[in-house]
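> Here the protein sequences line up with chains A and B, keeping their order. Per this note's numbering, residue 57 is the first one in the first sequence, and the count goes up by one each step. Per this note's numbering, residue 57 is the first one in the second sequence, and the count goes up by one each step.
There could be a bad hint or two in this list.
Treat identical chains as interchangeable: a pair holds within one or across any two.
Calculated cross-link-like contacts (lysine-lysine; reagent style DSSO-like; alpha-carbon spacing at most 30 Å) [what the hints assert, rightly or not]:
(1) K203 x K274
(2) K203 x K176
(3) K235 x K176
(4) K176 x K206
(5) K274 x K235
(6) K235 x K203
(7) K206 x K274
(8) K235 x K206
Hints were generated in silico from the structure; no laboratory data involved.
There are 2 protein chains.
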Amino acid sequence: MSEAHVPSARTRVVRESHRGVYDRATAYEILDEGFICHVGFVVDGQPFVIPTAYGRAGDHLYIHGSAASRMLRHLDRSVAVCVTVTLLEGLVLARSIFNHSMNYRSVVVLGTAVAVEDAKEKLAALESLSEHILPGRWAESRQPNEKELKATLVMRLPIEEYSAKVRQGPPIDDEEDYKFPTWAGVIPLEMVPGPPINDPRLGPNTLAPHYARAYSRKPR
Amino acid sequence: MSEAHVPSARTRVVRESHRGVYDRATAYEILDEGFICHVGFVVDGQPFVIPTAYGRAGDHLYIHGSAASRMLRHLDRSVAVCVTVTLLEGLVLARSIFNHSMNYRSVVVLGTAVAVEDAKEKLAALESLSEHILPGRWAESRQPNEKELKATLVMRLPIEEYSAKVRQGPPIDDEEDYKFPTWAGVIPLEMVPGPPINDPRLGPNTLAPHYARAYSRKPR
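Bound-form chain A, shown alone:
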């Protein structure tokens, strides 16, 4: 998991390069904690950025949903994309406006996404996507039928050209600013799941399953 990885000119972190990290293990931690990405693609020179769900399976990302539709409607069965996953972790309040920042971990993956056409691979991709987002759910749901599989678009993107960027910890002020009389520190931010809300069409006293009540994105 911790292979050496040489960033390409396109994924090298240029600005504040000390925040760039290139090992696969760090990138995968971030990709595994997130499940919403922003997919960028180009139509007639215009960039589009669409939020969509994804899953990681080995060294591939699978994305599906409306982003895939929009891409495939305009383009061929493969498309140059940028997939970005961002985990926001806090506001960083420095003494100077200039040194205000955010704590976050993010990954950028560049490459060519290809439509998954094979029915068996598509089903496996959907299962890995579902398990990525909510482990345990797939087995308890009504499985996709042939018509639904046909109506579902899944794209596969190899995780080859990528970089991660991480900023954590307290603010870093210019030395002469530390005497400036203002509060400084971090306001942590976290995506927190609430108690599950039953579908109104469920019977009374139906208890949500454990995977819904104990939902968490933290590493298991």
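Got chain A; can you put chain B on it based on the hints?
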């Protein structure tokens, strides 16, 4: 705020078009609750998607930071962008895998972002950006000096070509699936601020200001 708005062919919500909303008030509610966007731009045919902070001031978005740097390093003082803001609000668990979904509100703004060059406008843009993210903080911080202003990149994007997309509420299953014996409902997700963490270099017993202790993105 609730002007009629005709989406362009590029921003019309194509898939699940019932989720598309085009009034400015809805888009601005979403833009005002968020403060991190994903900016898409194109270099040599390759899309890039970079997370960055933004602020709304009237009918413009201001973005700054590394996204602006990367764009401006490669491109001219103006660039075709797509700015996407996504507020994730829940996992939607249907009975069928196919009808699983997310609750979210998102806005896509297309257009040409222009570098803010004028020092006075840049300062005003930075103040509105700061106030957008953390109201009250600007006045209590050490103000930007001339050198810092020069080192800061700010881009301005008019909110003209845009659309919003909203999905809320319980799962919608196919009628024949409602008898399928599995739990269904929503796992709510919310970005929650934690108690502020003091910079270790602050004096002991320093209390974080109200705007940090009571931080919230909900409409004020």
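> Taking the hints in turn, state whether each one holds.
Comparing the hints with the structure gives:
1. K203 x K274: Neither, since 35 Å and 41 Å both go past 30 Å.
2. K203 x K176: within (14 Å within a copy, 59 Å between copies)
3. K235 x K176: between (64 Å within a copy, 27 Å between copies)
4. K176 x K206: within (12 Å within a copy, 56 Å between copies)
5. K274 x K235: neither (37 Å within a copy, 33 Å between copies)
6. K235 x K203: between (67 Å within a copy, 20 Å between copies)
7. K206 x K274: neither (33 Å within a copy, 40 Å between copies)
8. K235 x K206: Between copies only: 24 Å across, 64 Å inside.
Hints 1, 5, 7 from the earlier list are contradicted by this structure; the remaining hints agree with it.
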